[in-house]
Structures are given as C-alpha cells and as structure tokens.
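Residue numbers (the UniProt record's numbering), protein chains in the order written: chain D, 1 to 422; chain X, 1 to 422.
One or more hints might be untrue.
Output of the computed footprint for chain X on chain D, the stretches with three or more beta carbons under 8 Å from beta carbons of chain X [claimed, not checked]:
(1) 166-179
(2) 358-369
(3) 387-399
(4) 408-419
Hints listed in this document are in silico derivations from the structure and should not be mistaken for laboratory results.
The model shown is predicted, which means the values in this text are computed figures rather than measured ones.
We put the CB at the ideal spot given by N, CA and C, even for glycine.
There are 2 protein chains.
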Amino acid sequence: MTSHSPLCLFIRSSGGGLASYSMSSPAPQPDPDRQLPSCERRSYTSPEELTFHTNSPSKANRCSSSKKTRKSPETTNVPLRNSGWCKRERLAAMFCTTKPPGSVSPAKRQINEVKETKTTINCVTFPLPGEGPEQQLLKPNEWSYCDYFWADRKDPQGTTHVTGFEVLLQKQLKGKQLQKEMAEFIHERIKIEEEYAKNLSKLSLSPLAAQEEGTLGEAWTQLKKSLHDEAEVHLKFSNKLHTEVEKPLLTFRGDNFKKDLKKYDHHIADLRKQLASRFASVEKARKALADRQKDLEVKTQQLEIKLSNKTEEDIKKARRKSTQAGDDLMRCLDLYNQTQSKWFEEMVTTSMELEKLEVERVEWIQQHLRQYTTLRHETDMFNQSTVEPVDQLLQNMDPAKDRELWVKENKTGEVRPVDLDI
Amino acid sequence: MTSHSPLCLFIRSSGGGLASYSMSSPAPQPDPDRQLPSCERRSYTSPEELTFHTNSPSKANRCSSSKKTRKSPETTNVPLRNSGWCKRERLAAMFCTTKPPGSVSPAKRQINEVKETKTTINCVTFPLPGEGPEQQLLKPNEWSYCDYFWADRKDPQGTTHVTGFEVLLQKQLKGKQLQKEMAEFIHERIKIEEEYAKNLSKLSLSPLAAQEEGTLGEAWTQLKKSLHDEAEVHLKFSNKLHTEVEKPLLTFRGDNFKKDLKKYDHHIADLRKQLASRFASVEKARKALADRQKDLEVKTQQLEIKLSNKTEEDIKKARRKSTQAGDDLMRCLDLYNQTQSKWFEEMVTTSMELEKLEVERVEWIQQHLRQYTTLRHETDMFNQSTVEPVDQLLQNMDPAKDRELWVKENKTGEVRPVDLDI
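If we strip away everything but chain D, and leave its shape as in the complex, we get:
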C-alpha cells in the first residue's frame, strides 16, 4: 500500500482506506465506478505463505500493497475524507508538499518471502521503523498537533494507555482550568484593592489635627481628603478589574466548551472502539482462514496417500470453505482499513480544531492580561492626580495670612497699658 504511481487515481465509494496521494498532479477525476485492470486486483498471501486468489474484487477497487515495501520518498501518505471530492480538495490545499512524486512500479502480487513491515499497537497499524516510504509532516515547520499525536502513550501510573488525542484534549481542559485560576488570582487582587481603599477612606475621615486652621489647615484638610480620592481610584481599579478581566476570564468558553470537548472526546473514542472491534474481526477471520487452509491441506495430503475414502468432492468442499474464509478476511480487512481511515481523518480535523482553540485561548488571554496592565497604568496616573490639589494648597500656604485670621479670632485687646497715676 506504500508504492504507487504518481498518476495513480484514487477512487473511493463506500469503502476505502489510507492511500498515497500525489500532490503534484491535479486532483483525480471523480469516477467511482472505474474498474481497475486485473493486474491490480488484489491478492494476498496468508501467514503460512500460501497464496490464493479471491473472486471478489475489493469494494475499494484500489491499488493494494504487498508485504514487501518499496521506499518512495516523494510520495506522501495523505488521508482523504470519506465524504467527497470537495473535502479532498480542501485537504489537498491544506497538505501541500513540494516534492515531486517518484516513479514506482506496482507491487508484485506474490512474494514468497514474508517480512514484517508493519505493527499494530492498540489496534492502530503503523509502519515499522525504516519500513515504508518516508513520511513527510503534514504541516512542516508548524509543530502542528496533527503531526505529533498518532501514537498512544503508556500511562505511567498503570497498565492503561493514553491516546495522543486525549493528551490534546487534556491540554484544552487544563487551559480552561488555568483560566479559572487566573480569574481567581485577579479576584484576590480585587480584594486587596478593596481593603486598601477601605482603609484609606476610613483614615481620610480622621479628625487628627482637624483643629489646624488657616491656609495650613486647608492644606492639611485637603491632604486628608486626598486619601479618599486615592481610595476612589483604587476602588475604580478593582471594579474595572472585575468587569474587564476577572469576569471575562470566568465566562470565556462557558459550560458549552466542556460539552463540545466531550463530544470530540467521545467521537474519537468511539472511532477507536470501532477500530478495535474491526481489528478483532480481522484476527478472528485470519484464524478461521488458517483453520480452513489447514483442513484443506490435511485433506489433500490424505487423498495423495489414499489414507481415507475422502473423495475429490470433499477436497472441493474444503477448498471452497477456504476461499470463503479468504473472502471474509478480505472483507474484515477492508472494514478495518476504512475505519482506520475514518479515524485518521477525524484525528486530523479535530486536532486542528484543538490547535486553533489553543491559539485562540492564548491570544484571548494575552488581550485580557494587557487590559490588566492598562488598568494598572491608568490607576497610577489617576492616583498621581490626587496629589495635585494638595500640592496647590501647600504652595498657597501663608503664615502671615494664618496669623491674621487667628489673631482676628483670638485677640484679647489692642489697647496697650499706660502708666497709672493718681
């Protein structure tokens, strides 16, 4: 399944699997019913190295691969969606490679040597290291989610595994929690500001030195009042922090977000379950085929040495069953590969979605933290202005004027004493 002519058309109807797709040639014409030439009909070799033919053309009618791989660095394994050419073209636009396709000859149908080139882990099939054509990143230089999360990871705490997709999903859920923690932090700041404002406001009402009079008294009164003005500034700051930073952080991507994530989670998980189920069927069919082939072999041997009175009829029957088992296996394999393709497509689409969500999250937070710093700047500026009137009155202080005012109010008498006489 790894070597294909660059001009190889890919036709998909209801079945399908992962195939190679050359980006340098135009998109193939949509003709789902074109029959492949017989050379390209499928054949397969059983693990016991017996080859046999099947009568049923694969539903996919596609180029199949043999176990022996030919490296083809210029072609890229690109998933195509199940639903039609438009999406295929879209994906084509997404996954643009610049390497020219190489020229590879069709795989031989029968090869006596069996070499393991693939491995199936947790029901997902991967090429073994060094086997198969080199895979190019779908989105080179972008560190895109869709390129790095194919395998499952062993859960260090137990015997279960975590899928790559779950890692991506956890990141988004974590992001939601982190945004909540940020909101909490801002909330704590708000409380501190309110406390500060409350204390300043209370102190501004203090009667300390209220008996100071004149221009000094005015300056002092304004100084005390300025604490209240500062309190107002900080209160305003805390209110804006609440409406412009804390609250948005709390409500950004509300409850629906988690639901949407869960939908993604279930959708992908379901596809993996389906895949597991299909893989089980493949294994079961493979075993059944092996049994049937063994039975046929035994019966043929017996005929040759005339050990039993089994007739040719029996052998024909055994051969028929064997062929049916082979057909079953092919069908199961097809279904498995279709399901894997489907899962593959959904993985790409959904991981790209998560990637987008992450970019949005980061940018949104950046924007709101900038709002925080803007409010901080404003606050310091407004705070500075509360000192201005105090400065003004301090500048206007006039001890002479204060004396005049005080003397006018407190004088006891202007008439100076004179000598006493008789």
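Given the coordinates of chain D, assemble chain X onto it according to the supplied hints.
Frame of chain D; chain X shown alone:
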C-alpha cells in the same frame, strides 16, 4: 502721661514707666542724669481733690500726666526697655511710625476737675475708651501678636481670667499637639501601606495558574512577580514616610520646647504677680494717704472752730504725716509703673518670639507635608514602572512558539498509521 512735646526727652535710670516717644525725631541723647525743669516735676491730685506738693522728685524725673488728658494723635505710646539705650534704639527701629509728632503743651499740674481717664483691670492699667492719645499699632498691617493681646479674657468656664499671653502660649502648645496628631495620621498611613504591601507580596507567591507554560506562562509569571515589585514600592514609600515625615513631626521641637514655653509662661506670670503686688501697695498707700488727709482736715477744722486744744504743732505733725503718706504713694506708684513697664517690654519681646515660633512651625510643616506629596508622586511613578516588564512579555507572547515547546515535550508519536494488510 499722655501728652508730650515731640522733643520731649525720655530719661530712664533705675525707675521708669511707660512714656510717649516720638519716632520722627532722632533717638534722644543718652543722659540719664539730666534734671527736668521744676515745671516738669511731678505733682498729683488726690482723689479728694486736694492738691499737695511733694519734696521728693520722682526717681524717674519724667514728665507726668495729669488726670485731664489731651489728645495727641500724632504721638505714640511706645514702651522702652529697662536696660539701656541700645535696646531702646532697637525697639525704635522695630516700631517705626510715619506720623509726624504733634505739638502738645505740657500738662497743667493742678486741675480741680477729676475725670476718670484710666482703668485698672486685673492690676493692669489701660486708658478708658476715647481717653488718652490715640494708640497706633506697634506693627501696623502685620497682625502682630504684640499688638493684640494686652487684655485678659474672661474664662467662659469660670470666674478666672486668661491672660492674652496665655492665649498665645496655648497656641504654641496646641501647635505641638497638632504636629503630634499629624505624625499619628502619617503613622496610620504607614500601617495601611505596610498592610497593602504585605498582601500584594503574599499574593505574588500564589501558585495559581503556575502550570501555564511557554511565552504565556512567562508573561503570567512576570505579572505575578510585578505584585511583589509593587509591594516593594509601597514598602519603600512607607519607610520614607516614616523617616522623612512621621519621625520629624514627632521630634520637631522636642521636650525642650515645652520647657522653654514654660519658662516664658512663668516669667510673664511672675511679672504679673509682681504687678499685682505693686498695685496692692498702691491701693494700700492710697488709702493711708486718704486717712492721713482726713486726719489733717479734721484737725484743721477743729483748730478753726477751736474745738480742741490741739496746737499748731499737732497740725504740723498731721501735715507731715500726710506728706509722708503722699511720698509713700508716689513711691508705690513709681514701682508699679516700673513693673508694668517691665511686664510690657517682656510681653512685646516674648509675644514676638512666639509669633516667630509660629511662623517657623507653619513653614516647617509646609516643608514636610510637601515631602509627603513628593513621596506620593515618586511612589506612583515607581509603581508604573513595575508594569513595564509585564507589558513587554505580553507583547512577546507567541502562540506558535508555545505550541512548538509544548508539542516537543508532549508529543506521542509522529509516525502516521497505514493500512493493514495480510
């Protein structure tokens, strides 16, 4: 005592009293021993309208006043210090008037009519309203303490009185207390700042959203740290408030100030006590003279109607005693007037001192409250700068870079799945 030739010299030796002094003529020549012409020797009229002569020239040898006053608006009653010409000249420089002296004829020595022109209140003697030459302010347009606190004020709470000087003193003591209250206010502000700083510092250590990574994580970490930077700014503010405003307010004019004020208080109070004592002597001598004169009158009448066998000798004795009583009275009067002059001088000097202290107090407070506003300005500016690094990191945020970092750390596998085959 109110009408004097502008050229009238004032001579003071060890006695003395309040006299007029013309500021427009040059300071008199210092000749304490010049004897006044006989016309200017003192004579006085007793309350009973008997006139008598005294043999003893007044110690002061000064112009005296009769009970009848002549208004002389151009002359000013100016106190002169007891201790010599230099201070007299100094006071002259202080109390500069611009009105040209008027020309007044010397008072007649004997006037049959007795008109009350003065009143003694709490042992201090004042001209009655409308009587005596108009008094000009010692320091016009300055609302100087030395011009407005001559009389005592009735204590509204009781039957005692409060001297003008005590009002001035209380002002300074009050000032000391107000400065202490200002220090207390600043102290409260310091506590508020420390609380605020403590809260910010504590919050800056919060682990909230610490798991945010990449450039977003860096910006968030710096945002949290900036709270600690703000805390440092406010702590610095509170420390400076303490050393540059609160502490000075507490220590300005330490304990010595109150002691100094008390010294002034006692000094002036002592002079008033002396004055009271001298006044009592005057009253006592006045009464003794009256008794003596009564006795003389009775004896003279008896002689005329030959009612008794009193001889001329007895009458001469009575007359002698009367004359002595008159001398006593004059002496007491002199002492009283000297003491009043002394008190007067000290009042002027000390009230000027208090006035100066008040100006200094107001200016010192102005300076330190300006320090407060300066610190406030600085604080807001430093506070602004704590946001800069946060802004910087927010600007440098890069979702693509963050993805790269995260993917590198968390990827599960780059190898994409391929179709399964047999």
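Against the structure, the hints:
1. 166-179: Three-residue rule met by the region 166-179 of chain D, so holds; n is 5.
2. 358-369: It holds: at least three residues are needed, and the region 358-369 of chain D offers 7 whose Cβ sits within less than 8 Å of chain X.
3. 387-399: holds (count 6)
4. 408-419: With 11 residues close enough to chain X, the hint holds.
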